[in-house]
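Heads up: the protein sequence lines correspond to chains A and B, in order. If you read the first sequence in our numbering, its first letter stands for residue 1, the second for the next number, and so on. If you read the second sequence in our numbering, its first letter stands for residue 1001, the second for the next number, and so on.
Among these hints, one or two may not hold up.
Below, a sample of chain A positions facing chain B; criterion: calculated Cβ distance under 8 Å [unchecked claim]:
| no. | residue |
| --- | --- |
| 1 | ILE190 |
| 2 | ASP194 |
| 3 | MET197 |
Which residues of chain B face chain A? A few of them, derived with a C-beta cut under 8 Å, are [as the list claims (entries may be wrong)]:
| no. | residue |
| --- | --- |
| 4 | PRO1169 |
| 5 | GLN1177 |
| 6 | ILE1178 |
| 7 | PHE1192 |
No lab work stands behind these hints: they were computed from the structure. In this text, a Cβ means the ideal position worked out from N, Cα and C, and glycines have one as well.
There are 2 protein chains.
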Amino acid sequence: MNQQTSPLQLRKKIRSGEFTGNTSGYSQGYVQGNLCVLPADWAGDFLQFCQLNQRPCPLIGMSGNPGDYRIPSLGEDLDIRTDIPSYRLFEYGELQREVTDVRDVWRDDLVTFVLGCSFSFEEALIADGLEIRNVSEGVNVPMYRSNIDCTNAGRFSGQMVVSMRPMLPADAIRAVQICTRFPSVHGAPIHFGDPGMIGIRDISNPEFGDAVTIRENEVPVFWACGVTPQVALEQARPPFCITHSPGCMLVTDLPNSHLAVM
Amino acid sequence: MNQQTSPLQLRKKIRSGEFTGNTSGYSQGYVQGNLCVLPADWAGDFLQFCQLNQRPCPLIGMSGNPGDYRIPSLGEDLDIRTDIPSYRLFEYGELQREVTDVRDVWRDDLVTFVLGCSFSFEEALIADGLEIRNVSEGVNVPMYRSNIDCTNAGRFSGQMVVSMRPMLPADAIRAVQICTRFPSVHGAPIHFGDPGMIGIRDISNPEFGDAVTIRENEVPVFWACGVTPQVALEQARPPFCITHSPGCMLVTDLPNSHLAVM
Chain A
1 MNQQTSPLQL RKKIRSGEFT GNTSGYSQGY VQGNLCVLPA DWAGDFLQFC
51 QLNQRPCPLI GMSGNPGDYR IPSLGEDLDI RTDIPSYRLF EYGELQREVT
101 DVRDVWRDDL VTFVLGCSFS FEEALIADGL EIRNVSEGVN VPMYRSNIDC
151 TNAGRFSGQM VVSMRPMLPA DAIRAVQICT RFPSVHGAPI HFGDPGMIGI
201 RDISNPEFGD AVTIRENEVP VFWACGVTPQ VALEQARPPF CITHSPGCML
251 VTDLPNSHLA VM
Chain B
1001 MNQQTSPLQL RKKIRSGEFT GNTSGYSQGY VQGNLCVLPA DWAGDFLQFC
1051 QLNQRPCPLI GMSGNPGDYR IPSLGEDLDI RTDIPSYRLF EYGELQREVT
1101 DVRDVWRDDL VTFVLGCSFS FEEALIADGL EIRNVSEGVN VPMYRSNIDC
1151 TNAGRFSGQM VVSMRPMLPA DAIRAVQICT RFPSVHGAPI HFGDPGMIGI
1201 RDISNPEFGD AVTIRENEVP VFWACGVTPQ VALEQARPPF CITHSPGCML
1251 VTDLPNSHLA VM
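Extracted from the complex, chain A is given alone in its bound form (with noise of 0.2 Å):
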């Protein structure tokens, strides 16, 4: 299997369990998005928030009826409850274990939402020319808790997490032109420069992911991040919710160039 396996071949593995990693850098091409799946009485609430919060929880998907695991338009064949390498289970905002499949958890009530990642930007970065520090130096890109607050819908609220890459100042104005296309994958950053502007002490210190080398002449630059609503699901608390593991995808038959709006 390499780099170039297609979505459809890469789930089949996942499903049998052939494949159980992360899931950066396979498919590459293809949108990979953040699972979300909730009871159906959680699931206006979330579909609310996700819909006045859009930058940080860009939806690209939803289930149908409550207690579907299919989502034809993200994949042929496709099932939610098996086709994710890891899976984080959920009670009342406390993380109970993780799984490989959810077969067994599995309620007719349960709704399904998927979320645009950071992966498909970073890919239309790096084919442009940039280099991406969390990529280049192997590490999960550096996530912080912002004190941008969240428009709260019903039960969810919270504060906005976000996403650091460090760029010279040219770069990041082409990052800007560039991310404006996908704006169901985070679109434009929200911020760049000083982090205490947006509520960051240390820089160095991010509450999720990895610290990144800042060389000289670059400037932090901020996304939205699809963080933001797992903060927001602890903090509501629903009983039950099931939620991808870290870096272990939903990998789609979308192309990226699919999400781009021009």
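Given the coordinates of chain A, assemble chain B onto it according to the supplied hints.
Relative to chain A, chain B alone:
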């Protein structure tokens, strides 16, 4: 006469001598252009200089045969010799005098170039709710000689002149998005933040235009500037050249939206 005077009406008043001032704020919504008129034996080099340096020298119109003083694509009944409020006459790169009509010095070998100007993108930024400091402070935009080399073309060379507008980072990101739509009026900023990175020693001391206030948390944002070709002309020292006087632009019939590429 008011801001809504049509470009044709305004040009007629300029031609008759009724209007002789700065065109900033007049015929809002329409493209205003920088003027450069050169003898035919210098026109090829200048055209190549514009082609190779499109960010500072975005060509929006050019006369047909040498001697032509009409550019129908830019304006109905347009006469380049009379329809600009104030002209500057140069000989060998030295300013000779300012006049309101160049019919008496017009020659059969003159070629006219019209370059896009920042008024168009400033209007788009203001329409989107951004504050443009030089506009709100009622002064000319501050401009600086940078250390960014232009690409040489024949006898033309020089370093890029940049204009500066201070903005909060989130507004600067929005400005990149909006200005990207307008490549023929300098496009996206080329730099933000540390002025020293592009060879500017004292941000409070612009080489052209006026200093503006930079408030707390704002960063200076720099655009390629249409004064760049004027500096290149001063260095190349053609025996004869006509430009507009600063702020006294050619007002065209093109709606600003016509320049948007998307």
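Task: Hint check: 8 Å Cβ-Cβ cutoff, ILE190 of chain A to chain B - done: holds (7 Å)
Task: Given hint GLN1177 of chain B near chain A, where the shortest CB pair must fall under 8 Å - done: holds (5 Å)
Task: Interface hint outcome for ILE1178 of chain B [beta carbon to chain A under 8 Å] - done: violated (10 Å)
- [ ] Using 8 Å as the Cβ threshold, decide whether PRO1169 of chain B counts as touching chain A.
- [x] Interface hint status for PRO1169 of chain B: holds (5 Å vs cutoff 8 Å).
Task: Minimum beta-carbon distance criterion (8 Å), ASP194 of chain A to chain B - done: Since chain B brings a Cβ to about 7 Å from ASP194 of chain A, closer than 8 Å, the hint holds.
Open item on the list: Would the hint on MET197 of chain A be counted as holding, given a Cβ-Cβ threshold of 8 Å to chain B?
Closed with: OK, holds: MET197 of chain A within 8 Å of chain B, min 6 Å.
TODO: Verify the interface restraint on PHE1192 of chain B: the C-beta must sit less than 8 Å from at least one C-beta of chain A.
DONE: holds (5 Å)
Consistency note: the structure conflicts with earlier hint 6 alone.
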